[in-house]
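S.K.: Given these sequences and hints, build the entire structure.
So the protein lines, in turn, are chains B and U.
Each residue of the first sequence is one higher than the one before, starting from 1 at the first, in the working numbering.
Each residue of the second sequence is one higher than the one before, starting from 353 at the first, in the working numbering.
FYI, nobody ran anything at the bench for these hints, they're computed from the structure.
Treat the hints with caution; some may be incorrect.
Below, in silico cross-link-like pairs of lysine to any residue (SDA-like), each with a Cα-Cα straight-line distance of 20 Å or less [said to hold, decoys possible]: (1) 557(U) / 546(U); (2) 436(U) / 325(B); (3) 28(B) / 508(U).
Far from chain U by the CB rule (all over 10 Å, computed), these chain B residues [to be verified]: (4) 106; (5) 131; (6) 140; (7) 227; (8) 314; (9) 316; (10) 326.
Reference listing, derived: stretches of chain U covered by chain B, where coverage requires no fewer than 3 residues with Cβ under 8 Å from a Cβ of chain B [stated by the list, open to error]: (11) 439–449; (12) 548–560.
Computed from a predicted structure; not experimentally measured.
The beta carbon of each residue, even a glycine, is placed where N, CA and C say it ideally should be.
The chain contents come next:
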Amino acid sequence: MASVDHQMSNPRANPADSYKLFGIQMPKVRMICLVAGLGVAIILPLLVTNFAVFQMTQVLVYAIAVLGLNLLTGYNGQFSLGHSAFYALGAYTAAILIDRYEVVFYWTIIPAGVVCFIGGFLFGLPALRLDGLYLALATFALAVATPQLLKYGHFEEFTGGVQGIDVFKPDSPIEALTADQYLYFFVLLCGVLLIIGAWNLVRGRTGRAMIAIRDNPIAAKTMGINTSLYKSMTFGVSGFYTGIAGALGAIVAEFVAPDSFTFFLSVWFLVGMVVGGLASIPAAIAGGVFILYMPNISEEVISIFFGNDPSAKALIWVTFGLFLIFTVYVVPNGLAGLVRLFIMKFARRPGE
Amino acid sequence: MSEVGNALADGSILEVRDVAVHFGGIIALDGVSFNMGRGVIQGLIGPNGAGKTTLFNCLSRLYIPTSGDILFEGKSIMRTAPHKIADIGIGRTFQNLALFRTMSVVDNIMVGAHNQSRSDFISNAFRLPWVSREEAVLRDQAWELIDYLGLGGVAHQPVGGLPFGTQKRVELARALAAKPKILLLDEPAGGLNHDEVEDLGNLIKQIRDDRNVTVLLVEHHMSLVMSVSDQVVAIDFGRKIGEGTPEEVQRNPEVIRAYLGTTN
Chain B
1 MASVDHQMSN
11 PRANPADSYK
21 LFGIQMPKVR
31 MICLVAGLGV
41 AIILPLLVTN
51 FAVFQMTQVL
61 VYAIAVLGLN
71 LLTGYNGQFS
81 LGHSAFYALG
91 AYTAAILIDR
101 YEVVFYWTII
111 PAGVVCFIGG
121 FLFGLPALRL
131 DGLYLALATF
141 ALAVATPQLL
151 KYGHFEEFTG
161 GVQGIDVFKP
171 DSPIEALTAD
181 QYLYFFVLLC
191 GVLLIIGAWN
201 LVRGRTGRAM
211 IAIRDNPIAA
221 KTMGINTSLY
231 KSMTFGVSGF
241 YTGIAGALGA
251 IVAEFVAPDS
261 FTFFLSVWFL
271 VGMVVGGLAS
281 IPAAIAGGVF
291 ILYMPNISEE
301 VISIFFGNDP
311 SAKALIWVTF
321 GLFLIFTVYV
331 VPNGLAGLVR
341 LFIMKFARRP
351 GE
Chain U
353 MSEVGNALAD
363 GSILEVRDVA
373 VHFGGIIALD
383 GVSFNMGRGV
393 IQGLIGPNGA
403 GKTTLFNCLS
413 RLYIPTSGDI
423 LFEGKSIMRT
433 APHKIADIGI
443 GRTFQNLALF
453 RTMSVVDNIM
463 VGAHNQSRSD
473 FISNAFRLPW
483 VSREEAVLRD
493 QAWELIDYLG
503 LGGVAHQPVG
513 GLPFGTQKRV
523 ELARALAAKP
533 KILLLDEPAG
543 GLNHDEVEDL
553 GNLIKQIRDD
563 RNVTVLLVEH
573 HMSLVMSVSD
583 QVVAIDFGRK
593 IGEGTPEEVQ
603 RNPEVIRAYL
613 GTTN
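M.R.: What follows is the structure, encoded as structure tokens:
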């Protein structure tokens with residue numbers, strides 16, 4: 001058959017030379033970036049102040065939430081303005097387990113994820129009938145309702161009402177690490193496991209089905225994909241990730257209260273996702289970094305130009321807005337897209 | 353039950369029985385019936401708007417007929433969910449392309465093999481050993497189709513940027529990946545030049561022979577339909593106006609009238 005001579009000329013692996021790491025085949029450049037990134041993530045917190053470690057932990061927490069949203073929106077094409085609700089649900093699950101049931105903090109992570117998976121899946125079912133803007137609106141309702149529900153009098157016994165719940169930061173069992181560093185490494189471990197899980201998902205049969213539904217739902221159905229099930233499941237998995245982020249976030253912040261989980265938190269996740277890059281896993285980290293540091297950077301920029309002029313404080317968010325517009329214009333595929341572009345240029349050169 | 357027996361006995365793989373589709377006041381199909389034998393290539397012709405794609409959409413359960421019945425291998429598909437259609441062996445391509453634009457050619461074809469694989473969210477997230485093995489099998493099958501259809505040069509490119517004719521071939525490969533018993537081709541020659549149309553005709557026959565597929569072909573290129581089809585059904589305004597061998601249909605006065613107008 002004609003097929004045999006084609007095989008020789010068409011390498012079946014990806015064109016770039018690839019290596020194996022953790023059993024995953026990947027191009028050399030990507031592997032170098034990964035190892036370097038992981039190295040920085042492990043060594044840097046040992047060298048900086050506790051506050052900087054706390055900030056880095058928060059970056060990872062946001063990154064996990066952004067990753068959850070990206071699985072839903074970036075890969076599956078379903079919009080959500082309601083992820084603050086899943087984040088809140090995860091945070092409260094962890095806080096209540098720790099506060100009322102004296103569960104050790106690391107045993108609360110999976111339950112928080114599972115509760116949010118169920119929540120996401122159930123919300124995903126009625127959401128099947130909604131597309132685009134209408135789905136955005138329905139999820140917006142979820143985001144608006146959740147803080148109010150957490151304040152609701154009859155739940156106060158569990159939720160602590162407007163006061164919220166205090167969560168105490170776990171002590172480090174390892175003498176060489178401060179409590180902040182210990183928590184950072186715990187969050188890092190969770191993040192790495194979740195990233196590996198997400199990476200496995202999106203590069204396999206499930207991920208192909210998710211992307212196929214986003215690209216062409218009718219064709220996906222005709223190819224035998226149970227689009228309803230996949231969409232609900234993706235909502236569940238997205239909830240799982242964001243719920244875990246919420247649980248970790250509660251422990252990192254040592255506190256949960258309804259007003260920490262307003263609709264604006266959802267918008268932050270959305271900003272992180274778009275700035276980081278849609279349908280990309282490393283983008284989650286970039287998104288997390290952007291969410292946490294960009295407001296601070298805006299503040300720095302203002303103080304450089306206006307000194308301590310108090311009226312200039314108002315310009316912080318203007319600067320942030322300009323940064324945001326700039327990012328969206330200059331790197332429409334997100335920061336991850338920018339990095340990918342550089343890597344492609346860099347990787348091509350020796351070969352060509 | 354006797355009808356079911358008859359259908360299988362005379363080798364019909366598909367029976368379309370009096371299928372009508374009404375959209376509000378518009379009658380897209382008005383009681384079309386025909387049978388298809390196993391292993392044949394059957395042409396489905398008709399002027400624009402005759403209802404050909406509507407019929408395809410009924411066969412892949414994207415439209416629900418207002419009345420009538422469709423039997424596949426002797427069983428009605430009227431209660432089959434759209435996503436189960438690939439499972440029972442009905443594959444299709446789309447007139448205006450319905451590929452997954454951002455995905456590579458390989459990945460598109462691997463989505464086509466969705467019904468040939470079983471891994472789910474959890475087994476994928478943990479990448480269990482059997483998932484890796486399943487993936488390897490799917491990848492090999494996808495590459496076999498890539499070689500079969502000569503798509504090797506573009507295998508890793510996103511399909512959205514490929515030429516129309518190439519995308520049509522990717523759709524064909526994707527449909528074949530599901531190992532269909534019957535293949536519904538909706539204008540596969542669209543956008544092809546004269547030589548390419550001839551190649552396509554040979555390819556369709558080759559696919560039928562190599563892969564034991566029955567083919568229902570909607571096409572406007574009459575030369576293509578008449579050269580590859582064993583049987584041709586002609587419809588116009590949602591009604592069947594002729595049926596038979598290509599020669600018979602070409603001589604059919606109703607068909608000639610539908611294509612050339614009523615000048616008597």
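S.K.: Just pull the numbers of the violated hints for me, sorted ascending.
M.R.: 2, 7 and 12
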